[in-house]
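J.: Chains A and B supply the protein sequences, listed in that same order. Counting along the first sequence from 1, when you hit position 81 you're at 612 in this note's numbering, and nothing is skipped either side. Counting along the second sequence from 1, when you hit position 362 you're at 402 in this note's numbering, and nothing is skipped either side.
Any given hint could be a false lead.
What the hints assert, rightly or not - Short derived list, chain A residues pointing at chain B, Cβ under 10 angstroms:
| no. | residue |
| --- | --- |
| 1 | Leu553 |
| 2 | Val555 |
| 3 | Asp558 |
| 4 | Asn571 |
| 5 | Arg579 |
| 6 | Arg587 |
| 7 | Arg591 |
| 8 | Thr602 |
| 9 | Gln608 |
No lab work stands behind these hints: they were computed from the structure. The C-beta atom is built at its ideal place from N, Cα and C for all residues, glycine as well.
Below are the chains, spelled out letter by letter.
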Amino acid sequence: MNDEIRQIIQDHARLPNDVAALGVDADLYQAGMTSHASVNVMLALEDRFDVEFPDRMLKRSVFESIASIATALEELQVEAAA
Amino acid sequence: MSVAVDRDATFVAAVSRIADDVAAPNAVDVDRQARFPAEAIQALRDEQALSAFIPTELGGAGVSFEAVAAACLALGRRCGASAMVFAMHQIQVVTIARHLDQAPWFEAYLRDVADEQRLIASVTSEIGTGGDMGRSVAAVTPAPDGTLSFEKRAPTVSYGAYADDLLTTLRRTPDAEPSDQVLVLSRGEQIELEPAGTWDPLGMRGTCSPGYTVRAEFLPEQILATPFSSVSVESMVPVSHILWSHLWLGIATDAFDRARSFVRAAAKQKPGQPPPTALRLSHLMSELSLLRAEVSSGLRGFVEASQEPGRESLSTMASQLRFNNLKIAASEQAPRVCQGAMGVCGIMGFKNDTPFSVGRHLRDTMSACLMVANERIHQTNASLLLIAKDV
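With the rest of the complex left out, here is chain A (with noise of 0.2 angstroms):
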């Protein structure tokens, strides 16, 4: 899963740097993510895994780093799942 996530931060936040240096707890906002370009990440990351994020889960500390994103869709599968 964190590869796959890091392939749509790769393609959607437009981080200056390498996504691939990126550690899973690395601060995807302090590497450079816009709010912008989250939202276009959140897009894609729903669409890839077939999920929508609710309200609850749409703000910066889900989507500030792969391995929070990664905890984020694990409980929506599971819930999905149930």
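Fit chain B to the supplied structure of chain A, relying on the hints for placement.
T.: Using the frame of chain A, we list chain B on its own:
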């Protein structure tokens, strides 16, 4: 509880008295000369109003945020510029108080604000960012001796020349990305302001907001630990939009009151015949009611969200959209009400020297759509709407 209610009532009554007795008689001169509303701000200092929101344990009066909003409205009814200076100062105080996180330097600073009634201005806008407050060019720059400095080119700094201290957004380090921002509180003796530009605007003339190149040297502990991105969505943006909206509502309310006085005077001249302007006044009241409803619901929503543990909902997109919409709606509706009041009062409202003059009200509220440009906010909203669900 009742102590808190009494404290709030006493504070709002004191500010309302200053609005009537000090701000109102100077409002025309402040506007005409484009001069700082020194009398009103001094009166607010004498009343310890600049530290009213600071918790009692840090030397303030500990009034509620609702009381601060009510005070902005009361001042707005008498002098828009005095209200704006007061509101902008309170935005900085509220922001610091909500995010200081027990940092000793900031606690000591708020005590100084209370003791010395220090006036805080903000340096958030910057040349080269396209009006986006979420990005900075200027950075916290370390010197070999451990001190820090910055140099920032700001297109406007409201009452910069009259402020004791400045709260400034900066990139965290010289290498940081534009969106990786922190807030720095620099004190007067650490600051050098180099004027860049003049100040002869259409309205809000008393805020004295020309551009400056701002330079300051400061210590690491003067950086607020919470990143600006969090401070911004949880406090600075919603608080700004709410307090501005309250003072715009205040200005619009006074314009409406002047229109009402005008219609009453006409009705008294011809008893038994409702003046034709009475109908227009009724239409105007509907417009004012819309503004009032939007402003009070914004305040209520913010206070409720602030009471939740961790203020979680304030950082959601739905919340950002809500407080952005409050700003857009209030900044468009306030000048509409003022223009409607001018329609009721006719030439008597258009002239600057009658009891029914509303030109200053109209001009002052026309600044509202520029304070963080509405089109810039719409761009943000348009982006958020692509993903937000329950708005």
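J.: Could you work out which of the previously given hints the structure breaks and list their numbers from low to high?
T.: Going through the list in order, the structure violates hints 1, 2, 5, 8 and 9 and respects the others.
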